[in-house]
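Novice: Read off the chains here:
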Amino acid sequence: MQRIGVFVCHCGSNIAATVDVHKVVELARLEPGVVHAEDYQYMCSEAGQAKIGAAIKEHQLTGLVVCSCSPRMHEATFRKCAQKYGLNPYMVEIANIREHCSWIHKDMQEATEKAVILARAAIAKVNLNTPLQAGESRVTKRALVIGGGIAGIQTALDIADAGYEVDIVEKTPSIGGRMSQLDKTFPTLDCSACILTPKMVDAAGHEKIKIYTYSEVEKVSGFVGDFTVDIRKKARSVDADKCTGCGVCQEKCPSKKTLSEFNRGLGTRSAIYTPFAQAIPNVPVIDRDACIKFKTGKCGVCEKVCQAGAINYAQQDEIITEKYGAIVVATGFDTIKLDKYDEYAYSQSKDVITSLELERVMNAAGPTKGHLERLSDGKAPKEIVFIQCVGSRCSDDRGKPYCSKICCMYTAKHAMLIRDKYPDVNVTVFYIDVRTPGKNFDEFYRRAVEEYGVNYIKGQVGKVAPQPDGSLLVQGVDLLDNKQIKMKADMVVLATAIEPNQGVRNIATMLTASIDTNNFLTEAHPKLRPVESPTAGVFLSGVCQGPKDIPETVSQAGAAAVKVIGLLAKDKLTTNPCTAKADELLCNGCSNCAKVCPYGAITYETCLVNDHGIREERRIAKVNNALCQGCGACTVTCPSGAMDLQGFSNKQLLAEVDAICR
Amino acid sequence: MNFSYYPGCTLRNKAKELDAYARASAEALGFALQELTDWQCCGGVYPLGTDEIATKLASVRALAQARDNGQDLVTLCSACHHVLKRVNDDMRNNADIRTRANNYMMLDTPYAGETKVLHFLEVIRDVIGFEELKKKVVNPLTGRKIGAYYGCLLLRPGKVMAFDDPENPKLLEDFIRALGAEPVVYPYRNECCGGYISLKEPQMAENMCSNIHKNAAGFGAECLITACPLCRYNLNKAENNLPVYYFTELLAEALGVKEAALK
Chain R
0 MQRIGVFVCH
10 CGSNIAATVD
20 VHKVVELARL
30 EPGVVHAEDY
40 QYMCSEAGQA
50 KIGAAIKEHQ
60 LTGLVVCSCS
70 PRMHEATFRK
80 CAQKYGLNPY
90 MVEIANIREH
100 CSWIHKDMQE
110 ATEKAVILAR
120 AAIAKVNLNT
130 PLQAGESRVT
140 KRALVIGGGI
150 AGIQTALDIA
160 DAGYEVDIVE
170 KTPSIGGRMS
180 QLDKTFPTLD
190 CSACILTPKM
200 VDAAGHEKIK
210 IYTYSEVEKV
220 SGFVGDFTVD
230 IRKKARSVDA
240 DKCTGCGVCQ
250 EKCPSKKTLS
260 EFNRGLGTRS
270 AIYTPFAQAI
280 PNVPVIDRDA
290 CIKFKTGKCG
300 VCEKVCQAGA
310 INYAQQDEII
320 TEKYGAIVVA
330 TGFDTIKLDK
340 YDEYAYSQSK
350 DVITSLELER
360 VMNAAGPTKG
370 HLERLSDGKA
380 PKEIVFIQCV
390 GSRCSDDRGK
400 PYCSKICCMY
410 TAKHAMLIRD
420 KYPDVNVTVF
430 YIDVRTPGKN
440 FDEFYRRAVE
450 EYGVNYIKGQ
460 VGKVAPQPDG
470 SLLVQGVDLL
480 DNKQIKMKAD
490 MVVLATAIEP
500 NQGVRNIATM
510 LTASIDTNNF
520 LTEAHPKLRP
530 VESPTAGVFL
540 SGVCQGPKDI
550 PETVSQAGAA
560 AVKVIGLLAK
570 DKLTTNPCTA
580 KADELLCNGC
590 SNCAKVCPYG
600 AITYETCLVN
610 DHGIREERRI
620 AKVNNALCQG
630 CGACTVTCPS
640 GAMDLQGFSN
650 KQLLAEVDAI
660 CR
Chain V
0 MNFSYYPGCT
10 LRNKAKELDA
20 YARASAEALG
30 FALQELTDWQ
40 CCGGVYPLGT
50 DEIATKLASV
60 RALAQARDNG
70 QDLVTLCSAC
80 HHVLKRVNDD
90 MRNNADIRTR
100 ANNYMMLDTP
110 YAGETKVLHF
120 LEVIRDVIGF
130 EELKKKVVNP
140 LTGRKIGAYY
150 GCLLLRPGKV
160 MAFDDPENPK
170 LLEDFIRALG
180 AEPVVYPYRN
190 ECCGGYISLK
200 EPQMAENMCS
210 NIHKNAAGFG
220 AECLITACPL
230 CRYNLNKAEN
240 NLPVYYFTEL
250 LAEALGVKEA
260 ALK
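Protein sequence lines correspond, in order, to chains R and V.
Take the first sequence: its position 403, counted from the start at 1, is 402 in numbering that gives the first Met the number 0, and no numbers get skipped.
Take the second sequence: its position 227, counted from the start at 1, is 226 in numbering that gives the first Met the number 0, and no numbers get skipped.
Since the hints were derived computationally from the structure, they do not count as laboratory data.
Ideal placement from N, C-alpha and C gives every residue a C-beta, glycine not left out.
Some clues are possibly wrong.
Derived list of chain R stretches under chain V, where covered just means 3 residues or more per stretch with a C-beta under 8 Å from a C-beta of chain V [said to hold, decoys possible]: (1) 344–354; (2) 465–476.
The following residues of chain V were derived to be distant from chain R, with all beta-carbon distances above 10 Å [what the hints assert, rightly or not]: (3) R97; (4) M104; (5) G128; (6) E190.
Within a straight-line C-alpha distance of at most 20 Å, the following computed EDC-like cross-link-like pairs (lysine to aspartate or glutamate) qualify [stated by the list, open to error]: (7) V:K144 <-> V:E113; (8) R:K482 <-> V:E130; (9) V:K158 <-> R:D395; (10) R:K482 <-> V:E200; (11) V:K236 <-> V:E16.
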């Protein structure tokens with residue numbers, strides 16, 4: 000028989016305001032096995048933990064039930080506490096009477112009743128708990144960063160500077176990401192390339208960093224400290240070791256009509272290309288869908304002009320398998336598609352562009368060589384209208400419910416830059432709210448209004464109507480003036496909502512990392528663990544976790560790196576002992592468990608079994624404890640009930656159910 | 000192929016030709032419009048009052064009759080179509096309205112939105128198909144530059160009407176193309192004509208319509224087509240207007256049944 004202590008936490012008023020904690024204590028005392036019960040204001044505090052320790056000694060407790068917050072919050076705390084006072088940490092059970100009870104109920108009587116039931120279930124379980132021993136696993140001292148934008152580059156640099164090996168996997172032909180497409184950055188207006196390119200060079204030159212561009216993560220297995228990852232290095236058709244980056248192949252390539260991804264489709268590129276001049280590596284890629292040689296077999300111009308003999312049409316995709324201790328997701332963002340926002344005439348007029356497209360238009364290396372001009376006729380615009388929140392803060396399913404966070408600032412930046420360089424151009428901004436929290440951000444926005452004379456109108460635009468003369472009629476409303484507005488514009492710029500990059504869902508699935516309804520990766524705790532995914536060993540950097548600007552991204556990238564360094568600095572990790580185990584007398588070797596195991600942790604062995612005196616050889620399931628994650632899929636699949644999860648055995652769970660239904 | 004058909008009051012007097020050309024065209028296209036018996040006025044405007052049930056009953060009666068006929072219900076007038084489709088949506092998705100309407104109606108089988116409401120244009124697009132229509136055209140309207148005028152009632156609210164993209168529709172353009180003419184796409188083709196405001200503030204409706212005409216003419220349209228008698232009425236009141244036709248008139252012309260239709 001266990002000697003169980005029950006500890007009921009008030010959590011200040013979080014629990015105590017809705018649950019009668021004294022009553023919970025009083026009724027818990029009556030449960031079988033319970034020899035002690037008490038309540039305290041903050042059980043997780045040092046004083047609370049000391050109370051638990053004292054009770055363990057005084058009452059020779061063998062098991063604990065803590066009625067408190069979610070086990071995701073403090074299970075580890077109380078396990079550690081138990082261990083400190085000589086108990087096996089797996090003899091602790093948490094009854095979640097906060098998230099599952101006090102926070103979601105209003106009526107005290109009902110909530111108390113439920114809290115008692117939850118406590119009773121936990122007590123019933125502890126009665127059947129057995130001490131479990133955590134194993135150890137090794138840590139591969141190498142990190143993988145998925146995505147080579149500013150988030151990935153910064154994370155990789157910080158990890159590498161601490162002395163650990165890092166690999167960056169980037170799916171496009173160059174690292175640099177979105178930031179490399181930007182012209183200037185707020186609030187300092189320094190040129191994006193000037194601050195990004197040195198970092199790209201640092202990463203490329205760092206002895207601890209290996210960069211796989213034009214590559215994608217294809218398969219991930221293993222667990223924290225010991226991931227095995229397959230990386231598909233797509234065929235570049237160019238031998239990187241031979242290529243000198245002279246660029247002649249791109250110049251001579253006769254297929255030049257492919258829309259440039261880097262210029263957001265506003266310009267064209269050749270079939271053999273590097274996305275931009277400062278690309279790293281400076282080794283081109285042949286786009287096989289556009290290449291004449293690949294399409295018709297005739298051409299081969301690049302091969303002829305390449306002095307280095309680097310062109311290799313026969314090159315094939317390569318799969319690289321590598322082991323990692325930690326994985327950082329830094330997959331970034333894209334702007335949303337505007338096909339549900341036809342009222343802004345984006346699909347109908349070339350002079351309606353997104354803000355990211357404007358970055359390319361304003362950039363000296365962009366499609367207009369940095370001249371502000373209409374893309375329809377090349378004329379200089381006199382009147383430009385910016386529309387904010389296109390697809391952001393949207394209450395229907397056309398757009399996104401969240402604020403994209405960066406648009407207010409970059410719109411102020413665009414407006415200011417245009418007014419500075421072209422003072423005769425009128426700039427109007429339609430906005431819902433101007434949101435500029437951030438260091439020197441509001442000052443920046445006010446400068447746009449006060450010094451640069453940008454005309455800010457609070458209100459939304461209902462329609463952009465292209466006119467027969469090529470201009471655009473913008474119909475909106477001025478809410479402060481309570482007036483309808485119709486104004487002619489030569490260009491309209493849409494501050495388009497951002498969303499996580501395509502493919503992030505796929506990556507999250509491979510990593511078993513969770514993702515929210517907007518495809519942003521979920522952090523382990525929104526406040527206290529913002530750069531860790533709930534999946535151990537997987538970390539988050541940049542916009543893949545939520546909208547953020549460059550300063551915030553760089554901070555988060557550093558934070559993710561620190562978490563990775565902390566992990567890689569350990570030689571061993573303790574493993575979760577709550578893994579599956581087959582009862583060899585019950586197992587009939589049917590293979591059903593192996594089929595459902597998502598981690599490939601189950602194999603079969605032929606063993607000599609002594610079944611009540613009958614000795615025979617049987618085929619029996621064996622679980623690899625290092626691979627098993629304790630998901631329990633096998634235990635519910637097993638037809639003979641042979642498979643059980645340690646710490647969550649069928650008996651324990653049924654005892655909980657019985658206690659609840661009692 | 001037979002459809003139940005709800006003409007609506009306007010098609011009985013001011014917009015007789017909308018109806019006549021449609022019936023003749025339907026015959027040429029190989030389907031029959033079977034007029035509902037004893038149909039009543041839809042009310043002309045979808046009643047927005049949530050506690051108002053009586054004004055929805057005429058629609059429910061028509062919808063239920065089509066259900067009993069085992070047929071989809073076809074309409075022509077944009078306003079009728081709007082009212083019938085929205086009331087049908089209510090009957091399907093709003094339990095409160097469904098219960099109250101059925102309590103009034105005391106039908107043999109209560110009505111729960113089973114009928115599919117189709118606009119004549121949707122029949123052409125979804126049932127006949129533009130390719131098929133093209134094959135049936137005997138007098139292609141080659142060289143004519145036609146602006147489609149959708150108005151609001153066919154398109155909005157987009158989710159309930161599910162007619163076309165309310166911001167950038169293309170059904171009528173495809174229709175015009177199928178008749179052999181050249182569709183003129185102009186941004187004001189889905190702007191409001193003013194609707195019933197023409198009764199109270201005629202000048203406002205006139206201004207709105209005049210903007211539509213100017214915009215369409217600016218992009219090179221020589222005439223407009225519409226499915227809505229009220230839109231046509233308002234558009235015709237504006238100054239310097241383009242000729243405005245019902246889409247069925249051009250359809251009948253292209254199918255070679257125009258003369259026969261009015262006899």
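Novice: Any of the earlier hints contradicted here, and which numbers?
Specialist: Structure breaks hints 6, 7 and 8.
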